[in-house]
Amino acid sequence: MEILDIFIHDTTWDFILEIIIRCFFMFIFILFFLRLSGKRGIRQLSIFELAIILSLGSAAGDPMFMDDIPLIQAFVVMSTIIILYRLVTWAMMKNEKIEILLEGESLCIIEDGMMVIHDIKKGKYSHDEFFAEMRQQSVEHLGQIKVAVLETDGSLSILFYTEKETKWGLPLFPKDYKKSEYLSPETFYSCMNCGATQHLLHLEQECPRCQAKSWAKSLSTPHLH
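So the sequence shown is residues 84 to 308, counted in our numbering.
These are computed hints drawn from the structure, not numbers from a lab.
Quick reminder that beta carbons are idealized off the backbone N, C-alpha and C, glycines included.
Incorrect hints may appear among the rest.
Straight-line C-alpha distance at most 16 Å; calculated EDC-like pairs for lysine to aspartate or glutamate [as the list claims (entries may be wrong)]:
1) K229 <-> E194
2) K300 <-> D259
3) K250 <-> E223
4) K262 <-> E289
5) K229 <-> E246
6) K247 <-> D211
7) K262 <-> E287
8) K261 <-> E287
9) K258 <-> E223
10) K300 <-> E246
11) K229 <-> E248
12) K300 <-> E188
13) K261 <-> E248
14) K300 <-> E269
15) K261 <-> E223
16) K250 <-> D211
17) K296 <-> E264
18) K258 <-> D211
19) K250 <-> D195
20) K261 <-> D211
21) K229 <-> E264
Label pairs and their calculated CB-CB ranges [as the list claims (entries may be wrong)]:
22) P305 <-> A215: 19 to 29 Å
23) E179 <-> T95: 39 to 49 Å
24) V230 <-> I99: 49 to 59 Å
25) L154 <-> E212: 39 to 49 Å
26) I183 <-> T94: 32 to 42 Å
27) N178 <-> E287: 44 to 54 Å
28) L170 <-> K258: 46 to 56 Å
29) S238 <-> T304: 22 to 32 Å
30) I103 <-> E188: 25 to 35 Å
31) P305 <-> E264: 38 to 48 Å
32) P305 <-> I111: 45 to 55 Å
33) F90 <-> F112: 20 to 30 Å
34) P268 <-> L137: 50 to 60 Å
Work the whole structure out from these sequences, hints included.
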């Protein structure tokens, strides 16, 4: 085999143009499906960093073991992906709407010790996943939290109440996060769906925020920093 075949083989200018077109559409497809996957799947990486890893990884892999794919094709693919990446990041810096479209917005998912149900659904979090994230930051109940924000990279930022400001709130650990079977009139109860906290007249009372009817005994312990 001639050395020239390793780099060029039977590549034509028409095929190079086809590669560029294919790269463009595959790059768009990758961004689209990553955007649909939600923030959980790209934790610690931006959506563009992950798109670059997937795109370049695929482009670099095939020429390593397929002798009918010359290196020039992989070079064209990788160059096109990098150019697209630069163009998209430039567009994001110039236009905030493009940035929001591709990377989304930060979502406020806890406010004043209660869940913002609408934003939690937008972030594609289940309650179990959401509670796990909170527990990993030593949150015992929602009454400890003033504000919690789901960032665009999937990380969770929390602003805690001070010890004196801590409220009664929904417990997050399995031992306490369970539906109450007996009513104590002087006890605070928290809605297991949204975290609204109040005294109850009966355990089948409807939550005024979300209309759920499952209540757990509230906690009021301060956050340990």
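Hint check:
{"no.": "1", "hint": "K229 <-> E194", "result": "6 Å, holds"}
{"no.": "2", "hint": "K300 <-> D259", "result": "7 Å, holds"}
{"no.": "3", "hint": "K250 <-> E223", "result": "12 Å, holds"}
{"no.": "4", "hint": "K262 <-> E289", "result": "14 Å, holds"}
{"no.": "5", "hint": "K229 <-> E246", "result": "12 Å, holds"}
{"no.": "6", "hint": "K247 <-> D211", "result": "29 Å, violated"}
{"no.": "7", "hint": "K262 <-> E287", "result": "11 Å, holds"}
{"no.": "8", "hint": "K261 <-> E287", "result": "14 Å, holds"}
{"no.": "9", "hint": "K258 <-> E223", "result": "11 Å, holds"}
{"no.": "10", "hint": "K300 <-> E246", "result": "20 Å, violated"}
{"no.": "11", "hint": "K229 <-> E248", "result": "9 Å, holds"}
{"no.": "12", "hint": "K300 <-> E188", "result": "33 Å, violated"}
{"no.": "13", "hint": "K261 <-> E248", "result": "25 Å, violated"}
{"no.": "14", "hint": "K300 <-> E269", "result": "11 Å, holds"}
{"no.": "15", "hint": "K261 <-> E223", "result": "14 Å, holds"}
{"no.": "16", "hint": "K250 <-> D211", "result": "22 Å, violated"}
{"no.": "17", "hint": "K296 <-> E264", "result": "12 Å, holds"}
{"no.": "18", "hint": "K258 <-> D211", "result": "14 Å, holds"}
{"no.": "19", "hint": "K250 <-> D195", "result": "9 Å, holds"}
{"no.": "20", "hint": "K261 <-> D211", "result": "13 Å, holds"}
{"no.": "21", "hint": "K229 <-> E264", "result": "29 Å, violated"}
{"no.": "22", "hint": "P305 <-> A215: 19 to 29 Å", "result": "22 Å, holds"}
{"no.": "23", "hint": "E179 <-> T95: 39 to 49 Å", "result": "42 Å, holds"}
{"no.": "24", "hint": "V230 <-> I99: 49 to 59 Å", "result": "52 Å, holds"}
{"no.": "25", "hint": "L154 <-> E212: 39 to 49 Å", "result": "43 Å, holds"}
{"no.": "26", "hint": "I183 <-> T94: 32 to 42 Å", "result": "40 Å, holds"}
{"no.": "27", "hint": "N178 <-> E287: 44 to 54 Å", "result": "51 Å, holds"}
{"no.": "28", "hint": "L170 <-> K258: 46 to 56 Å", "result": "52 Å, holds"}
{"no.": "29", "hint": "S238 <-> T304: 22 to 32 Å", "result": "25 Å, holds"}
{"no.": "30", "hint": "I103 <-> E188: 25 to 35 Å", "result": "32 Å, holds"}
{"no.": "31", "hint": "P305 <-> E264: 38 to 48 Å", "result": "28 Å, violated"}
{"no.": "32", "hint": "P305 <-> I111: 45 to 55 Å", "result": "49 Å, holds"}
{"no.": "33", "hint": "F90 <-> F112: 20 to 30 Å", "result": "28 Å, holds"}
{"no.": "34", "hint": "P268 <-> L137: 50 to 60 Å", "result": "57 Å, holds"}
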